[in-house]
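Chains as they are written, first to last, in my numbering: chain Y, 176 to 291; chain L, 7 to 120.
Check before you lean on any hint, since a few could be wrong.
[To be verified] Within a straight-line C-alpha distance of at most 30 angstroms, the following computed BS3-like cross-link-like pairs (lysine-lysine) qualify:
{"#": "1", "chain 1": "Y", "residue 1": "K213", "chain 2": "L", "residue 2": "K63"}
{"#": "2", "chain 1": "Y", "residue 1": "K178", "chain 2": "L", "residue 2": "K71"}
{"#": "3", "chain 1": "Y", "residue 1": "K213", "chain 2": "L", "residue 2": "K23"}
{"#": "4", "chain 1": "L", "residue 1": "K75", "chain 2": "L", "residue 2": "K24"}
{"#": "5", "chain 1": "L", "residue 1": "K77", "chain 2": "L", "residue 2": "K23"}
{"#": "6", "chain 1": "Y", "residue 1": "K213", "chain 2": "L", "residue 2": "K77"}
{"#": "7", "chain 1": "L", "residue 1": "K24", "chain 2": "L", "residue 2": "K63"}
{"#": "8", "chain 1": "L", "residue 1": "K23", "chain 2": "L", "residue 2": "K71"}
{"#": "9", "chain 1": "L", "residue 1": "K63", "chain 2": "Y", "residue 2": "K178"}
{"#": "10", "chain 1": "Y", "residue 1": "K213", "chain 2": "Y", "residue 2": "K178"}
{"#": "11", "chain 1": "Y", "residue 1": "K191", "chain 2": "Y", "residue 2": "K213"}
{"#": "12", "chain 1": "L", "residue 1": "K63", "chain 2": "L", "residue 2": "K75"}
{"#": "13", "chain 1": "L", "residue 1": "K63", "chain 2": "L", "residue 2": "K77"}
[Said to hold, decoys possible] Over the 12 angstroms line for every Cβ pair with chain Y, so calculated as not near, a few chain L residues:
{"#": "14", "residue": "T19"}
{"#": "15", "residue": "L25"}
{"#": "16", "residue": "S30"}
{"#": "17", "residue": "E59"}
{"#": "18", "residue": "K71"}
{"#": "19", "residue": "P81"}
{"#": "20", "residue": "S86"}
Note that these hints are calculated values from the structure, not bench results. For each residue, glycine too, the CB sits at the ideal point set by N, CA and C.
Take a look at the letters that make up each chain.
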Amino acid sequence: AQKVTQAQTEISVVEKEDVTLDCVYETRDTTYYLFWYKQPPSGELVFLIRRNSFDEQNEISGRYSWNFQKSTSSFNFTITASQVVDSAVYFCALIRRPGSARQLTFGSGTQLTVLP
Amino acid sequence: EAQVTQNPRYLITVTGKKLTVTCSQNMNHEYMSWYRQDPGLGLRQIYYSMNVEVTDKGDVPEGYKVSRKEKRNFPLILESPSPNQTSLYFCASSLLAGVADTQYFGPGTRLTVL
Chain Y
176 AQKVTQAQTE ISVVEKEDVT LDCVYETRDT TYYLFWYKQP PSGELVFLIR RNSFDEQNEI
236 SGRYSWNFQK STSSFNFTIT ASQVVDSAVY FCALIRRPGS ARQLTFGSGT QLTVLP
Chain L
7 EAQVTQNPRY LITVTGKKLT VTCSQNMNHE YMSWYRQDPG LGLRQIYYSM NVEVTDKGDV
67 PEGYKVSRKE KRNFPLILES PSPNQTSLYF CASSLLAGVA DTQYFGPGTR LTVL
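Based on the sequences and whatever the hints tell you, model everything.
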């Protein structure tokens, strides 16, 4: 069985602060893919990033960065200089190796509130 | 514009009254899926479809039906809705070319069953 844990249910920061959202996953597969999605107050799910299990390079996209560490089964997400528009629920998710149902296993989400 | 659309976006109904939530994608994706989102549980897969006429159960299929007669459409059917099916529903689609395919989600359908 696979599992994604987002231990931080809610985080509140003041604008311009950096914030890291934690994601820990469990899987027996050696090939898997990790994702982050953003759900703003309007409710849609917005794809942010995909990372495969063989690529542990960290990735940066503007104010967003992701730290993937297989040794600790973590795929953490950092927002630098947070803005009010970053307020949303963020989901970490996992897909198993090829041949499976391509079912995304989601964490329970982290509600991020950025205060002005 | 490439997108996944769902209708209706909001629905209030009563127990036992059959309903259908439609999902359509214009990206020629082979894979489509339905999820439900409940507080504290994240999203859980209801059903998925690998291609036309190919569907299978996800983690929480009880009380739901689906069909895939055309590549672009994947309706979710609740034959006899119950209050525990009150939830936020998302349809998603992706190319079938490998598990790395990103799933793109529709805008969601908020269903309330009284």
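**Proposed proximity, L:K75 with L:K63 (alpha carbon, max 30 angstroms)** = Distance of about 17 angstroms is within 30 angstroms: holds.
**Minimum Cβ distance from L:K71 to chain Y greater than 12 angstroms, as the annotation requires** = With a cut-off of 12 angstroms, L:K71 remains clear of chain Y, as the shortest Cβ separation is near 17 angstroms.
**Message:** Can you confirm whether the C-alpha distance between L:K24 and L:K63 stays at or below 30 angstroms?
**Reply:** 20 angstroms, holds
**Asked** Going by Cβ atoms, does L:E59 stay more than 12 angstroms from chain Y at every point?
**Response** Answer for L:E59: holds, closest chain Y Cβ roughly 16 angstroms.
**Whether L:S30 stays farther than 12 angstroms from all C-beta atoms of chain Y, as the label says** = 16 angstroms, holds
**Message:** For a C-alpha distance cap of 30 angstroms, please report whether Y:K178 and L:K71 respect it.
**Reply:** Given that 30 angstroms is the threshold and the Cα spacing comes to 26 angstroms, the pair holds.
**Asked** For the pair supplied as a hint, L:K77 and L:K23, is the alpha-carbon distance within the 30 angstroms limit?
**Response** 27 angstroms, holds
**Message:** So L:L25 supposedly isn't at the interface. Is its beta-carbon more than 12 angstroms from every beta-carbon in chain Y?
**Reply:** 19 angstroms, holds
**Request:** Sort out whether L:K23 lies within 30 angstroms of Y:K213, counting only the CA atoms.
**Result:** 33 angstroms, violated
**Asked** Given the hint that L:K23 pairs with L:K71, does the C-alpha gap stay at or below 30 angstroms?
**Response** With a Cα-Cα distance of about 14 angstroms, the restraint between L:K23 and L:K71 holds, given a limit of 30 angstroms.
**Asked** Between L:K63 and L:K77, is the straight-line Cα distance small enough, at 30 angstroms or below?
**Response** 18 angstroms, holds
**Request:** Please work out if Y:K213 and L:K63 have their alpha carbons no farther apart than 30 angstroms.
**Result:** At roughly 26 angstroms apart (the allowed maximum being 30 angstroms), L:K63 and Y:K213 satisfy the hint.
Of the numbered hints given earlier, the model fails hint 3 alone.
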